[in-house]
Amino acid sequence: MPVLLAVTLLSANPVLASSQGMPALASVNAAAAVAGDDALLFGKNADRPVPIASITKLMTALVVVESGQDMNEWLTFEERHVPAAANAWTRIRVGSRLKRSDVLRIALMSSENFAAYTLARSYPDGFDGFVAAMNAKAVELGMDNTRFVDPTGLSVENVSSASDLVRLANAALAHPLIGEYSTTGYYRAEFRGPRYSLSFGNTNALVHRQSWGVGLSKTGYLTEAGRCLIMVSEMDSKPVITVLLDSLGTRSPMGDAGRIKRWLASGDPGSVAAAAKRYEQEKNAAWAATEGSQTARINQ
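Going left to right, the sequence shown walks through residues -17 to -1, 1 to 283 as mature numbering (1 follows the signal peptide of the UniProt record, and there is no 0) numbers them.
The set of hints was computed from the structure by calculation and includes no laboratory data. Check the hints yourself; a few may be wrong.
Label pairs and their calculated CB-CB ranges [stated by the list, open to error]:
id, residue 1, residue 2, range
1, 66, 122, 23 to 33 angstroms
2, 22, 177, 19 to 29 angstroms
3, 182, 249, 31 to 41 angstroms
Quick caveat: nothing in here was measured; it's all calculated off a predicted structure. For each residue, glycine too, the CB sits at the ideal point set by N, CA and C.
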């Protein structure tokens, strides 16, 4: 662990650093741990249950891989039986088919929502059974602040905490296939019925940088969830899980990952832009207000 440094905050400065010597992060909620260990190196609102958007798909992948289903089976992309909770635009044609392994790959590396839905729809116990299996796995892993209502993350009712997601990452690491598929840089999927192909790219730019040694990755975004990232990468000569939930900008989670990497190597907490800090303060204030109103109702 790096030596904790005391840093003075200057209100006139356009950047703000951490006053506790912990890494200064744009993400509202965060956690980091050495891979294989659920104990946190540090946490920031780490037990707060919040929407996690497409980070959900990491649990979707875990349920699929542990189900023992044939990865070479051709799955059909059927019309949704219920409307998506948010924008579910896709380039994949209804009625076309793709091998389960390829469906899983594009769900992870490119966050393809129709792919995640199709994985659940083709589960032996059906869509509802798949969601039940996701929640059962969360209970098994001790993810006490976690609940799933769909396999894509398009619903804001899919919630978890940064510390819970460390547990999920450790479980996913036991399956090399999840690591491989989630860190695929580019992939061209070959569909049948009709025959056509589509190219997909990874939603995490850091998988393309060899210096990061990314072994597991998943991004997420909803308006309510902000920008999210869960990743296992090489930091200070160790594989480290980083969970970053609810950032303002597209590149903010990657910037936070860089700040954590420097902090582990040198103890330097770094700094974040004032706009990101304001966003964090507003989100924390909103959370505090929600907690206060819930407590008042309980006490009535």
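Hints and how they fare:
1. 66 <-> 122: 23 to 33 angstroms: Since residue 66 and residue 122 have Cβ atoms about 28 angstroms apart, the given range 23 to 33 angstroms holds.
2. 22 <-> 177: 19 to 29 angstroms: 51 angstroms, violated
3. 182 <-> 249: 31 to 41 angstroms: Given range 31 to 41 angstroms: holds, Cβ gap about 39 angstroms.
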